[in-house]
Structures are given as C-alpha cells and as structure tokens.
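Engineer: Could you put together the complete structure from these sequences and hints?
Top line first, the protein sequences correspond to chains A and B.
When we follow our numbering, the leftmost residue of the first sequence carries the number 20, and every step to the right adds one.
When we follow our numbering, the leftmost residue of the second sequence carries the number -3, and every step to the right adds one.
Derived from the structure by calculation, the hints contain no laboratory data.
All clues stand as given, with none of them false.
Keeping only pairs whose Cα atoms sit at most 27 angstroms apart, straight-line, the calculated BS3-like set for lysine-lysine is: (1) B/75 - A/73; (2) A/73 - A/144; (3) A/112 - A/73; (4) A/112 - A/150; (5) B/187 - A/47; (6) A/73 - B/187; (7) B/187 - B/75; (8) A/73 - A/47; (9) A/150 - A/73.
Listed below, chain by chain, are the residues.
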Amino acid sequence: MQTSRWIEIVVGLFVLAGIGAFFVLAMKVSNLSQFGNSGGYTVTADFNDIGGLKVRAPVTVAGVRVGRVTSIGFDNNTYEAVVHMTIEQQYDKFPTDTSARIFTAGLLGEQYISLQPGGSEHYLKNGDRIKLTQSALVLEQLIGQFLFNKAATPGKP
Amino acid sequence: MLNVVQRLGRSGLGFLERFGRAFLFLLQTLSGLPNLLPRPGLVIAQVYSTGVLSLLIIVVSGLFVGMVLGLQGYNTLVKFNAEESLGVVVALSLVRELGPVISALLFAGRAGSALTAEIGLMKATEQLSGMEMMAVDPVKRIIAPRFLGGVISLPLLAAIFSMVGVFGGYFVGVSLLGVDSGAFWSQMQAKVGFHEDIVNGVIKSVVFAVVVTWIAVYEGYDAAPTSEGVSRATTRTVVYASLAVLALDFVLTALMFREG
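Structural biologist: Encoded structure:
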C-alpha cells in the first residue's frame, strides 16, 4: 500500500512539474505575459508606405512600448496601408491629434510605430483613426534622393 | 521480372493489412478508455513507469541540447553582431522543433521499447490469453491504461525538455559567454508568440505522443509470441516510431509555420 501511495505522489509531482514547465514557457519565454491579458483599445492609422512593418510589431511612445500592431490591410480606394494597433487600456490619454510615425530600430532592425502625442483636449477612443501619419523611411528612396541632390548641385565633382 | 513485381505487391498488401489492423486496434483501445475512469490507479502506475522514469534522460538531454544551441547560436550570431538574439534562437528552436521531436525520440527509445517488450512478453507467456479465459478484455485492462499513460506523459516531458533547454541556453549564453541577460529574455519574449509557437509545439508533442504510444502498444500486442518475436517487435517499435516522428514533424511544421 505504501508503494502505491508513493507512486501516486511522485506522479502528481511529475504532472505538476510538466504543467509548471508549460507555464514557464508561456510566461517567461513567450509574449503572453506582456500582451493581451489586460485588454486594450484599437486605433487605426493610414500610411502611404509602411516599409517592412509586420503584424505584432511594437507601438511605442517616448520609447516605451504601449501596444502592438494587430493587423495590416490595404485600402483599395485610397491606395494606402491600413494599420490596426491595440493600445493597452492603462494608456488611455492620447489626444486625438496624436501622430504616428514608422521608425526602424537600429540600421537593420525591425520596424515599429512611434506615437507622438498632440495637444488636443479630446482623447483617442476605441475605433478612432490617427490622421497624422508619417511613412517609413525606405533606404532606396533615401539613397535615390541623395544621388538626385548630388546631381542637381552644379560645379562640384 | 514478374516475380519481383509480385513480391512488391505482396509486401504492399502486407503493409496495408498491418496498417489496417493497427488502426482497428487503435479504435479498440480508444473505446476502452472510458473504462479507466473508475480506476485511475492503472493509468497513474503507467504515467509513473513511462513518464517519471523518463524524467532523468529528458532533463539531462534537454540541458545539453540547450547548452549546445547556446554555443552554436552564439558563434554564428556574434559574426553579425546579433548575439542579443541568442534567446530567440534557443527558445524558438527548442519550443518549435527540438523539444517535441527529441523528447519523442527519447521517449520511443526509453518508454516505447519497454512498453512493447512488456506487452510482447505478456503475450509470449500467455498472460494475455489467460486474461481472456477469465473474461477480462486485455485491451481494456492492459493496453488502454498504457496508451493513455504514454499520451499523458510525453507532452509533459516535452514541456520540461523545452524549459530546461532554455535555461541551459541561458546558462551558456549569459553566464559563460556574456550575453546581456535582459536582452536575452526581452528579445525572446518579443519574438516568441504564445499561440504561434508554444501552443503549436504542444500540439506537435500530443500528436507524437499518440503515434509513438500507439506504435509501441500495437507492436507489443502484435508480436510473435517467442523471444525472437519480442526482440524484433521492440526493434520495430523504435525504428517505426522514430521514422513516424520525423516524417510527421515535417508535415506538421509545413502546416503550422507558414509565414503569413
């Protein structure tokens, strides 16, 4: 009788260890702990060019992550990219004239959205649209502009 | 020439016949599962012998696999000045692939072969037919608890393997090679998705658990009732289970991780 009790205890511990390992994977390794559990509100922004922005890219204000990009679509009428992002509920005081810009972390890093709060007295709500946007910097365009300016400047080699 | 074709056809038919029998056997086993509800002790004993006793080999190999990933990943990433991504490399390889696959392979060798040998020996010593004489269905009394025990054990083992591996990679990367600890975890958390990666890894290990345990109990039940037959069945379990795991892994990966 004692051995079967012992086996049951050990099996219980084993099952607990397995479930514990799963929780460690969920909380410590994946993004579950920092996103989704507190909920949030969704805002939309239209960009001329999103560059290499991906779904799940961070949305930051002053460098602090406040949300994530949830989906990226394309508007067939305006030919603009439609980016939906979820902002965590605790950050609910962004003015309606907040502007959104797409930046790159480092020279070759991933792209993210940076919000720049404006001065309006009304706050963004669920489903609102950010009107002021600035597209991603595409490296080829920059180089093209640079060469174009070079060529346009006369008298220099 | 015709003989060759005939032999090919015979082996093909034989394979189909074995597969059909194995499938019917699986259905029979599954129908025996409800009978286990009033007697959880049978399953607990099997979880002990397949799961708890496999814990040591799983933990040790998980640790070493994680440490090797840490070393190799660091050596490659440092060339691109991207050693902060080491956590992502270690965690994604473990959670998506190595955790489910290696623990399934180890499980087939450690627990699957034991299951086959045990059941095959029961058959060779006519314990199974003895049970039938006493109107006890051996599939319900012997096979079903072993099947369920294996299916419970392997996903838990795979989760433990992945977790230990991540900490092995952390030990090598952060403690020995000097990767920044904060970057290791934060990059990992930013790039590893719960639904995309963790849940899909668990689904993989559940599929592997069903397949490996199914092969193991079937080969034991189907073994020729001689000592040679049992030894052959044990070998077949390890070979078939490993092949099935590797092939299924490819299929599952192709289905799960299409970059959208």
